[in-house]
Every structure is written in C-alpha cells, then in structure tokens.
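Number of protein chains: 2
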Amino acid sequence: LRKKTPEAQQLAEQIIAGNKTALSRGITFIESQQAKHQYIAAQLIEYCLPKANKSIRIGITGVPGVGKSTFIEAFGNLLITQDKKVAVLAVDPTSSVTKGSILGDKTRMETLVKEQDAFIRPSASGETLGGVARKTRESIILCEAAGFDHILIETVGVGQSETAVHSMTDFFLLLKLAGAGDELQGIKRGIIEMADAIIINKADGDNQKKAAQAKSEFQRALHLYPTKNTGWTPQVALCSALENTGIDNVYELILSYLDLTKENGYFEQKRRDQNKFWLLQTIEEHLKRNFYQHPDIKKELPLQLQLIEEGKTTPFVAATFLLKLKDN
Amino acid sequence: LRKKTPEAQQLAEQIIAGNKTALSRGITFIESQQAKHQYIAAQLIEYCLPKANKSIRIGITGVPGVGKSTFIEAFGNLLITQDKKVAVLAVDPTSSVTKGSILGDKTRMETLVKEQDAFIRPSASGETLGGVARKTRESIILCEAAGFDHILIETVGVGQSETAVHSMTDFFLLLKLAGAGDELQGIKRGIIEMADAIIINKADGDNQKKAAQAKSEFQRALHLYPTKNTGWTPQVALCSALENTGIDNVYELILSYLDLTKENGYFEQKRRDQNKFWLLQTIEEHLKRNFYQHPDIKKELPLQLQLIEEGKTTPFVAATFLLKLKDN
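From first to last, the protein sequence lines stand for chains A and B. 22 is the number of the first residue of the first sequence in the working numbering; add one for each residue after it. 22 is the number of the first residue of the second sequence in the working numbering; add one for each residue after it.
By construction, these hints were calculated from the structure, which means they are not laboratory data. Treat the hints with care, as some may be off.
Intra- or inter-copy, both count: the list cannot distinguish identical chains.
The calculated DSS-like cross-link candidates involving lysine-lysine, where the alpha carbons are at most 30 angstroms apart (straight line), are [stated by the list, open to error]:
(1) Lys236 - Lys57
(2) Lys25 - Lys333
(3) Lys291 - Lys320
(4) Lys249 - Lys319
(5) Lys57 - Lys309
(6) Lys347 - Lys230
(7) Lys320 - Lys309
(8) Lys320 - Lys236
(9) Lys41 - Lys105
(10) Lys333 - Lys24
(11) Lys236 - Lys347
(12) Lys319 - Lys291
(13) Lys135 - Lys24
(14) Lys345 - Lys72
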C-alpha cells in the first residue's frame, strides 16, 4: 500500500520476534502526533497485521478504588503460570490529568511488571476518547504480532470509554465492590448491559457477607435484561485480588465463554462486526484529525468559539466559515 | 455568506410571518438529501437565525407506552390556553422502522394538531442519529423564527438519542410509569442524570398508590446524584395526561427552573455551551456526509465491508484504501 522504509521494516521484524523494547517503541510511534512517526506507525501495522489476531482480548472496567490494578496483577500472574503471554493496555482519556488511571502508576503492578511474559503500557494521554481508542486498537495489533495471546484492556470506568473498550474486546468484565451505593452507580451508566461477567472484588474478611449479598442482587438484576445474542448468560462471581482467591474461577468463566462462542460462531461474528465498526471509526477519526490539525483551523477555531461565547456568531455561521476556510 | 436565491428569500419571509405551510416546506428542505435543497435550507437558516432563539426548548423522553403523545397533547393544550405557540419536533432515528414513534401517528394528538398555534412535525427518518439531530436542531431555528415560543422535542427513549435531545434543550423531562420494572430501565440508561424533572404519568385510578410509591423511590434515588451546576434540584411529580391532572404543576416546575437559571446566568451559559458543541457537531457531520456521499465511496464502501465480512481485509487496510480513493 505504501513505500516501506528500512527503519519500519527492521522494527516490525523485532516486534514480530517478540522484542518488548521494540514493541514499546512501536507503540510510541502509534501514539505520536508527528506526521513522520505516523507514517512509520502505519507501516508497522501493515507488517504486523498478518501476524496478529490470535489472541483473546479481555476488557476490564470498574470505578476507581474497586481494585483494578490488584485484580489485573493477580489475573495476569495466573495467566503466566498457565504459559500465557499477557499484554495490559488501557483506554483512559482522562489519564493526562491522572484521574485514577491505574496504569499511570506501574509500581502498583510490581510483580507482573517484572515478568518476561508480561507487557504493561499506560494509556495514551492528552487526547480525545476517539484518539485514545484508535491508538489502543492499533497497539493491540502490535502486541498480538509480538506473541501476546491475552490482551487485557483496562478502562477507568467513566463516561463513554467502556463502550470503546467493549467494541475492541471479546469478553467484557465489570469489577464491582459490595455496598457503598456502588451497585446503583454501575447500573446508571448502562455498563451492566455490556458485561459478560460481573466480578465482585474484595470479597474477603469482614466483606464476605456483603459480597455474597451483592452477588445475589446482581444475579437478580441480570435476570431483568434480555438474553444476549451470544447465547451466554452473564455470570456473577466473587474474588479477592488481594488474597488471590476466586481468580482461577474468573479464568474458567472466560474459558467457558470462549468454548460456547467459538462453537456457535459468535466469537468470529463479533470480531467481524467490530472490524466493520472500526473501519468507519478509523475513517471518521482520520477526517476529523485531518480537519482540526489544519494550520488555518488550529488558528481560527478558538476565535470562532470565542465569538460564540460572546454571542457574536452562531454555530452554523461559524461552521460554514471554518469549512470554507479548509476547502480553500 | 452565500448568494441568496429569490425562492429562499420568499420562503424565509413567509416563515418569519408565521406561515405554517411555509414552515413545513422549509423543514422539508432541511430534511432533503438533494444538494439543491440543502443549498436552499442553508439560506433559510441564515435568514431565520436573527429571528430565532427566543423560545423555551423542552426535551421529553420516556419508553414506548409511557404516554408521551397523550402528555404532549395535554401539555401543549395547556400552553395554548396561556397564549403560547407550541411546536412539537422529534429526534427518533428508529422512526423509519416505526419502533414506537409517537409523531409518526399524528392522529394520536388529535386536538393539538387542530390548533392554529400548534405545529407538529414527525422526526426525519432513514438517517443516522447525527443526521436526525442536526436536522432537528436546524428545524428549531425555523420554528423559532416562525414565532413558536415553546419547542417540545420528543425522543423515543432508546440509546443515545436522549443525549442529542439533552444537548439542544433548556429543560429535560423524563416521563415514567409506576411499577413494571420500568424504574430500573430508566436508571440503567443514565437518563436520570440528565433529567431536570421526572414526571410519573398515568397516576390515576388504581395506579395512584403505586405512583406515589414510585415518586418516593425516585426522590430517594435522586439524592444519590451530585448537585447539578444549575443550582436546580431535579423534581419528581405525578400527573395523569389522560385525566389532565398535574399538567399545570409540570408547567410551574419548568417556570421555577427558568426563573432560577435565568437569574443565576446558567440558562444563557448552557445555550452558549450547546452552541460550541453544535459548532463541532455541524463540522463533523459535514465532514462525514461529504465523505460518505462521494460517488466513489458510495460504490466502494459496501465492497470493502463485504471483504471484512469475508475476512479478506482489515479495517486499517480498507480505511486507507477508501481515504486515498476520496483524495484522488
């Protein structure tokens, strides 16, 4: 599709050979705003695509404080004992202002980060959700080409980022705590509809009774939702990431899901549907970037927004002005 | 901004004079896919803008069966007895398949539709949400220019259409029923966070006790949400649109809201913020339309989607191909 540069070819070969330093560098190209870097990133993706797609992609969400980093550490370590290779990525458009992004603080996954078969990468920052989501999606390809067969994609549990993560994963896992009104918070955001499993974390010590109650509540609540076209009934399970209990059960849940959906064809159909969605997303993200990064627009857009703030123009007049500016 | 045509000027003058037939024709131009019609629509908006913006825009949502059409009829008639002019529009991307759009069936508002001071227009159909939302937003301008001072914008209560309606209205009203698990359905969609008032409809006959219970439940639930930066505490009220009780109370609620937010400046600030949002939405909608309506893209996009379905290409390769096609 495009002229290959030796630099990109060499880096791609290193990534495909499983070199984690090369993988990191590759993702840095994906995350860069510079046109030259974006050109290399596009080539890397083309090289890596034929080697990608062999993984299981697991989305993990939950509000700050639910114990996502501890859970990912425990779950990732379990996978590694099963001879799996684990990459941990994140979609978190708020991470630039550090609103509770777990991956910004790698030290919180201190055993996992030391494993040869683990790769941990914080979320791209200073970006719109669309931008972060695209970069994460492209990073998945590089991770898969590097041989990572389990991709954990964490999101911080605010706003629309769950929808983005749901649209790029095979299995979507919602972490919850018992008590503290957290049930309602989860319900109001419509996340439960997306969840393939709800895992109640911190089911240890004095919390165990409350956790068991919460499990019954969620099971009842899930009955109110229509059956998914996966044929899968979302499951509720308890765990304590801190005490490392119930983690193997979560993995077994995921394996049952994979058995079912690979047999009934849903797994492949979902990936194809996601690919169609991402074709449109990639195009639209490109169109927007192309527009907003134009030097004239960068200069004039803030002025037009200011005129709107002062009541001196309308959105339609301003949009027409900017669209014409770009065309000329 | 652009060369005016006599046809557009004449139609705009008729709209501004309050001619409802002209208003209908104007909205038909806004809804048309033809370039010639879109050109007239753009001129109409420019003519009408200086005359617009003097209305109160009220969003109304609720699941099918909650009685939206009966409520709008009762509420619209109340406004007309107060010498107001009422326009009823809809944002309903599903209306092409008639999934419960109230406005597709005008006969359900049979008294309101006969009023000289009422204008009722069904949702544009066969479109994406972005397209429908843009057209509704532009239709508001024409309605306001025609002297309609109360704009009711109905949405059918599925998916993201509430967010679109919330972003173009001053006051957002959620209609509910007592019982039947409907409370939870409302909560899970995150609509309650947007609501300035929750109105429990069909609070009549045997329903009254259940309705009063539901009112208490919602009031308790609303306490769990943080205070809005409007300074307004969302209210819960009962009504029976069928028996025409409690409707005046709803109107008084809205007037209190307007008093508060016009005094504390939030009303104007929200409109300015909405205008900034709509500047970006208008630009992005235009970029997408411009791309997807290009003849080469119209021909090639379905083929690329088919290749993805067959697993013969990837979203990135297909996107790159299509973006280059458009550039040439």
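Hints not upheld, ascending by number
1, 4, 6, 8, 11, 13
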